[in-house]
Amino acid sequence: MAMTEAEILAGLGEIIDEVAGVPADQVTPEKTFVDDLDIDSLSMVEIAVAAQDKFGVEIPDDQLKDLKTVQDVVNYVKRSEVSA
Amino acid sequence: MRVTQGRAGARILAFGGYQPARVVTNDELSQAMDTNDEWIQARVGIASRRVAGPDESLADMAAAAGGKALAGSGLSPEDIDLVIVATCTPEAPIPNTAATVARRLGIMAPGAYDLNAACAGFCYALAAASDSVRAGTATNVLVIGAEKLSQWVDWTDRSTAIIFADGAGAAVVSPLADEDDESGIGPVVWGSDGDMADKIVISDRNSFIHQEGQAVFRWATTALHPVAKEACRRAGVDPSELTAFIPHQANLRIIESIARRLGAPQAIVADDIVTAGNTSSASIPLALSRMAERGELPSGSPALLLGFGAGICYAAQVITVP
Numbered sequence: 004m005a006m007t008e009a010e011i012l013a014g015l016g017e018i019i020d021e022v023a024g025v026p027a028d029q030v031t032p033e034k035t036f037v038d039d040l041d042i043d044s045l046s047m048v049e050i051a052v053a054a055q056d057k058f059g060v061e062i063p064d065d066q067l068k069d070l071k072t073v074q075d076v077v078n079y080v081k082r083s084e085v086s087a
Numbered sequence: 012m013r014v015t016q017g018r019a020g021a022r023i024l025a026f027g028g029y030q031p032a033r034v035v036t037n038d039e040l041s042q043a044m045d046t047n048d049e050w051i052q053a054r055v056g057i058a059s060r061r062v063a064g065p066d067e068s069l070a071d072m073a074a075a076a077g078g079k080a081l082a083g084s085g086l087s088p089e090d091i092d093l094v095i096v097a098t099c100t101p102e103a104p105i106p107n108t109a110a111t112v113a114r115r116l117g118i119m120a121p122g123a124y125d126l127n128a129a130c131a132g133f134c135y136a137l138a139a140a141s142d143s144v145r146a147g148t149a150t151n152v153l154v155i156g157a158e159k160l161s162q163w164v165d166w167t168d169r170s171t172a173i174i175f176a177d178g179a180g181a182a183v184v185s186p187l188a189d190e191d192d193e194s195g196i197g198p199v200v201w202g203s204d205g206d207m208a209d210k211i212v213i214s215d216r217n218s219f220i221h222q223e224g225q226a227v228f229r230w231a232t233t234a235l236h237p238v239a240k241e242a243c244r245r246a247g248v249d250p251s252e253l254t255a256f257i258p259h260q261a262n263l264r265i266i267e268s269i270a271r272r273l274g275a276p277q278a279i280v281a282d283d284i285v286t287a288g289n290t291s292s293a294s295i296p297l298a299l300s301r302m303a304e305r306g307e308l309p310s311g312s313p314a315l316l317l318g319f320g321a322g323i324c325y326a327a328q329v330i331t332v333p
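Those protein sequences? They're chains D and F, same order as listed. Using this note's numbering, you'd call the opening residue of the first sequence number 4 and step up by one each time. Using this note's numbering, you'd call the opening residue of the second sequence number 12 and step up by one each time.
These aren't lab readings, by the way, just hints derived from the structure by calculation. In this text, all values refer to a predicted model and were calculated from it rather than measured experimentally. There may be inaccurate statements among the hints.
Here are the computed distance ranges between Cβ atoms for each label pair [to be verified]:
hint, chain 1, residue 1, chain 2, residue 2, range
1, D, Pro63, F, Ser87, 53 to 63 Å
2, F, Arg33, D, Gly24, 33 to 43 Å
3, F, Asp191, D, Lys57, 21 to 31 Å
4, D, Lys57, F, Ser87, 18 to 28 Å
In silico DSS-like links for lysine-lysine, alpha-carbon gap of 25 Å or less [said to hold, decoys possible]:
hint, chain 1, residue 1, chain 2, residue 2
5, F, Lys210, D, Lys68
6, D, Lys57, D, Lys81
7, D, Lys81, D, Lys71
8, F, Lys240, D, Lys57
9, D, Lys68, D, Lys81
10, D, Lys34, D, Lys57
Over 12 Å on every C-beta distance to chain D, these chain F residues come out as not near it, computed from the model [as the list claims (entries may be wrong)]:
hint, residue
11, Arg13
12, Gly17
13, Leu40
14, Asp66
15, Leu187
16, Phe219
17, Thr233
18, Glu267
19, Ser268
Beta carbons are placed, not taken as given, at the ideal position from N, Cα and C, and that holds for glycine.
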């Protein structure tokens with residue numbers, strides 16, 4: 004069964020906390036990775052890999068570069084789950 | 012057909028390391044290209060690296076490290092019957108570095124070969140040395156990892172100039188002391204992924220080194236922790252028993268990522284890259300020699316080595332700290 008947006012956001016918060024040390028409660032949908040959360044492209048790769056483990060959704064490098072905000076990733080995971 | 016008499020096991024007696032004198036800081040690089048100290052330290056974890064002098068050859072560096080390991084082992088040059096140099100940056104295809112280094116160190120007519128598995132080279136060479144000792148084709152082996160990457164770097168290319176550096180490290184491999192000696196060199200877990208062959212290249216002798224950093228990062232942070240765990244399993248050592256983890260010093264972020272997944276919270280994790288840069292096949296033995304000098308490696312304890320790099324080639328084994 005597909006996850007709700009809230010569940011995806013919570014899962015993403017856990018991942019970002021583990022990978023980048025940003026507390027999960029600071030991971031809110033409108034925030035940008037680079038400017039708001041200080042997360043660079045290498046950490047984005049780790050987040051993508053962890054997201055694959057957690058949500059079963061693959062995010063290749065060429066898609067990853069277009070995901071600028073937390074909501075972008077949530078949307079990507081939601082879209083991929085629906086079509087799975 | 013007769014065959015050689017085998018031995019029960021092999022062990023490392025001593026390490027040695029060598030870094031060229033010339034230090035290149037991030038600030039110096041920032042004057043030649045658009046980068047800065049903070050970005051380099053955050054991105055790759057390097058504060059400074061060493062570059063060979065204008066008249067300093069690969070063989071010079073390899074012999075310096077090899078000489079220190081030999082001195083630390085308590086053996087004489089006459090005791091060494093095999094020299095292996097892991098390198099992917101020889102100045103010339105022939106003669107090989109190993110034969111030159113042997114002569115420099117007064118080692119008489121040993122078997123001598125160079126081995127190219129890029130940044131996995133030292134772990135491959137260590138496995139080969141251990142196998143030779145156990146098979147009885149050699150008794151005492153001098154294993155060296157040495158690189159002069161600076162001669163292949165485009166010093167205007169920010170993506171590589173901040174990373175690659177020069178240096179050498181070495182180990183002496185010998186038979187076990189006696190039948191009660193429980194130390195050793197664990198079974199190697201090695202492999203390759205030829206699909207990734209185009210990710211780290213020096214195309215020909217007129218080319219610079221190029222790598223697709225992001226693709227390598229993704230591969231390294233996903234494919235290697237199972238290899239590391241398998242090397243532990245084959246050695247009969249649980250990751251929680253490791254006192255040290257020495258991965259190839261490619262990038263501090265990769266090192267931290269693999270270490271997080273290893274399950275070895277007690278292990279000191281090598282971060283030699285901070286003041287050495289990425290020295291390919293030299294990085295693991297150089298890190299080991301410096302950690303040993305600082306007393307960070309408890310004698311008789313298990314340490315995990317993990318090499319990986321261009322090819323992509325990788326190899327891992329557990330060793331007993333001498």
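We went through each hint and held it up to the structure:
1. D/Pro63 x F/Ser87: 53 to 63 Å: Given a distance of about 56 Å, which is inside 53 to 63 Å, the answer is holds.
2. F/Arg33 x D/Gly24: 33 to 43 Å: holds (35 Å)
3. F/Asp191 x D/Lys57: 21 to 31 Å: violated (49 Å)
4. D/Lys57 x F/Ser87: 18 to 28 Å: violated (58 Å)
5. F/Lys210 x D/Lys68: With a Cα-Cα distance of about 19 Å, the restraint between F/Lys210 and D/Lys68 holds, given a limit of 25 Å.
6. D/Lys57 x D/Lys81: holds (13 Å)
7. D/Lys81 x D/Lys71: holds (16 Å)
8. F/Lys240 x D/Lys57: holds (21 Å)
9. D/Lys68 x D/Lys81: Holds, because 18 Å separates the two Cα atoms, which is no more than 25 Å.
10. D/Lys34 x D/Lys57: Distance ~21 Å between D/Lys34 and D/Lys57 Cα, so the pair holds.
11. Arg13: Answer for F/Arg13: holds, closest chain D Cβ roughly 52 Å.
12. Gly17: holds (43 Å)
13. Leu40: holds (19 Å)
14. Asp66: holds (37 Å)
15. Leu187: holds (41 Å)
16. Phe219: holds (22 Å)
17. Thr233: violated (5 Å)
18. Glu267: Nearest chain D Cβ is 10 Å from F/Glu267, so the label is violated.
19. Ser268: At roughly 6 Å from the nearest Cβ of chain D, F/Ser268 sits no farther out than 12 Å, so the non-interface label is violated.
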